[in-house]
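Participant: Chain B: place on chain A using the hints.
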Amino acid sequence: MLIKKDNFVIMNPKDNCATALENITKDTEIKIDENIIKMSQEIPIGHKFALLNINKGELIIKYGEIIGIATQDIKAGDWIHTYNIKSHYLEEVKK
Amino acid sequence: MSEEFLGFERPKGKVGIRNKIVVISSVVCVNRVAQQIANYIENAVAITHPLGCGQFGPDFSYTQRTLVGLGSNPNIFGAIIIGLGCENLSSKLIAKNIKRAKKPVDFFNLQDVQGGSKAAIEKGVKIGKQMAEEAKESKREPFDFSNLVLGLECGGSDSISGISANPAVGIVSDKIIELGGTSILPEFTEWIGTEHLLIKRAVDEKVAEKISSTLNMFLENTMKLGIDFRGIQPTPGNIEGGLTTIEEKSLGTIAKAGKASINGILEYSEAPKGKGLWLMIEPGLDVESMTGLAAAGAQVIIMTTGRGSPCGNPVAPVIKICGNPKTCDWMASNIDVDASKIITENKEVNDIAKILWQKLKETCNGEKTYAEILGFEDIAIWRCSAAPFQIFHSQ
Chain A
1 MLIKKDNFVI
11 MNPKDNCATA
21 LENITKDTEI
31 KIDENIIKMS
41 QEIPIGHKFA
51 LLNINKGELI
61 IKYGEIIGIA
71 TQDIKAGDWI
81 HTYNIKSHYL
91 EEVKK
Chain B
1001 MSEEFLGFER
1011 PKGKVGIRNK
1021 IVVISSVVCV
1031 NRVAQQIANY
1041 IENAVAITHP
1051 LGCGQFGPDF
1061 SYTQRTLVGL
1071 GSNPNIFGAI
1081 IIGLGCENLS
1091 SKLIAKNIKR
1101 AKKPVDFFNL
1111 QDVQGGSKAA
1121 IEKGVKIGKQ
1131 MAEEAKESKR
1141 EPFDFSNLVL
1151 GLECGGSDSI
1161 SGISANPAVG
1171 IVSDKIIELG
1181 GTSILPEFTE
1191 WIGTEHLLIK
1201 RAVDEKVAEK
1211 ISSTLNMFLE
1221 NTMKLGIDFR
1231 GIQPTPGNIE
1241 GGLTTIEEKS
1251 LGTIAKAGKA
1261 SINGILEYSE
1271 APKGKGLWLM
1281 IEPGLDVESM
1291 TGLAAAGAQV
1301 IIMTTGRGSP
1311 CGNPVAPVIK
1321 ICGNPKTCDW
1331 MASNIDVDAS
1341 KIITENKEVN
1351 DIAKILWQKL
1361 KETCNGEKTY
1371 AEILGFEDIA
1381 IWRCSAAPFQ
1391 IFHSQ
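Just so you know, the sequences run in chain order A and B. First residue of the first sequence? That's 1 in the numbering used here, and the numbers climb one at a time after it. First residue of the second sequence? That's 1001 in the numbering used here, and the numbers climb one at a time after it.
Extracted from the complex, chain A is given alone in its bound form (with noise of 0.2 Å):
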């Protein structure tokens, strides 16, 4: 399996997702210092993949920052779209 280093990007160290800069297929391994993650899934460019095991109601950080909850558990390699990530900003900062 080809690992592509350019193929993504992590927008800041505290970040547990990662931005696919390119459509990144199935079972496509890429290596993170020594862990090697799988995609369960096709990412498609400008969407995001999980590099760790989230749980349910884990925060999702992007740009060092917080940018949703996760809805069900994700596993690292896990797509994270609209079916699995919601507000944290509308369940919390605005009620």
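One should not assume that every hint holds.
Take a look, some chain B residues computed to stay more than 12 Å from chain A by CB distance [stated by the list, open to error]:
{"id": "1", "residue": "S1002"}
{"id": "2", "residue": "P1050"}
{"id": "3", "residue": "K1249"}
{"id": "4", "residue": "M1331"}
{"id": "5", "residue": "A1332"}
{"id": "6", "residue": "S1333"}
Restricting the straight-line Cα-Cα distance to at most 30 Å, the calculated cross-link-like pairs of lysine-lysine (DSS-like) are [stated by the list, open to error]:
{"id": "7", "chain 1": "B", "residue 1": "K1361", "chain 2": "B", "residue 2": "K1341"}
{"id": "8", "chain 1": "B", "residue 1": "K1206", "chain 2": "B", "residue 2": "K1224"}
{"id": "9", "chain 1": "B", "residue 1": "K1200", "chain 2": "A", "residue 2": "K14"}
{"id": "10", "chain 1": "A", "residue 1": "K56", "chain 2": "B", "residue 2": "K1092"}
{"id": "11", "chain 1": "A", "residue 1": "K31", "chain 2": "B", "residue 2": "K1326"}
{"id": "12", "chain 1": "B", "residue 1": "K1341", "chain 2": "A", "residue 2": "K38"}
{"id": "13", "chain 1": "A", "residue 1": "K14", "chain 2": "B", "residue 2": "K1175"}
{"id": "14", "chain 1": "A", "residue 1": "K86", "chain 2": "B", "residue 2": "K1210"}
{"id": "15", "chain 1": "B", "residue 1": "K1092", "chain 2": "B", "residue 2": "K1102"}
{"id": "16", "chain 1": "A", "residue 1": "K38", "chain 2": "B", "residue 2": "K1326"}
These aren't lab readings, by the way, just hints derived from the structure by calculation. Yeah, the Cβ is synthetic: ideal placement off N, Cα and C, and Gly gets one too.
Facilitator: This is chain B only, laid out in the frame that chain A set:
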């Protein structure tokens, strides 16, 4: 190494990066007169708009403040204001306020010139040609970046902007501020979802309170009209592009303002009261926004655009930066800085920021941006209330 650019010294300690003459219409009725005068004068640009009469209260003040601000911008050597004669925003009032910048200003009304528009154009051209001769005496000299006011704009955004062009602009904005300069972030509707973070960056409690109350007031007032502003972001197109929540989208937007502390929040077209980073209340239409930035004194604007925009400004050069490889290729004649190398050439955001900084310096030194070369010089002035006509708005 000290960083400098070559600018034009203006009265009252200001520095311009262009040496233009503006011909401003005080009212829509004389737009074509102002335009035709500008056509005959070297280095002149017409500033025209559909307003200037029949406006009241805040709408009137905004139009006045904006036209005065555009004429007062340090990029402008001198200003000629053309009125009709019966409008409520008079050429005399605009001229009187621009004169505070101690630069050459002249004005007259078409109705006061015997011979109608033809004679008025001849009169304006005569004044303008004399001003243009004086302007030629101005020469570029080195200045440091504490003299620069940078406007931070985005338009036609896509989901790539927030991870490529916008953070690169943030690095450049922080650098300007480190060098003692000023940056302004407009488009307050696009801060919604991050106000708790902006508040944390406020220099003091008072500024934090102002940011908070401004956004709360807006959200509450729009709720009264039956609109939940928070519910319409991100848009379906944003979601398709990969954005998921309002705060994710807004974080990408405010990335343009880097990490600097926020010194205050400005009204539309209001000049900053000091250096550093400022927010401006402005609702997010690109041309209105850039008009407000130039009227606030920004000599240069950086605009990030993912989907592509051709917009410029008659007073402040607009540098377009784009992170989307397809748009950079498709609209190459409109994009000044290609940030898509983050995607296509494995460049880092820092590398793009360096390229952008170089482009910013060259633009300050006189190199024209694509929008300038193409002559894209529209303005639009925010009509914040349309008062007292709101009564006709059926809910």
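Participant: In ascending order, which of the hints set out earlier in this document are inconsistent with the structure?
Facilitator: Those not satisfied are hints 3 and 10.
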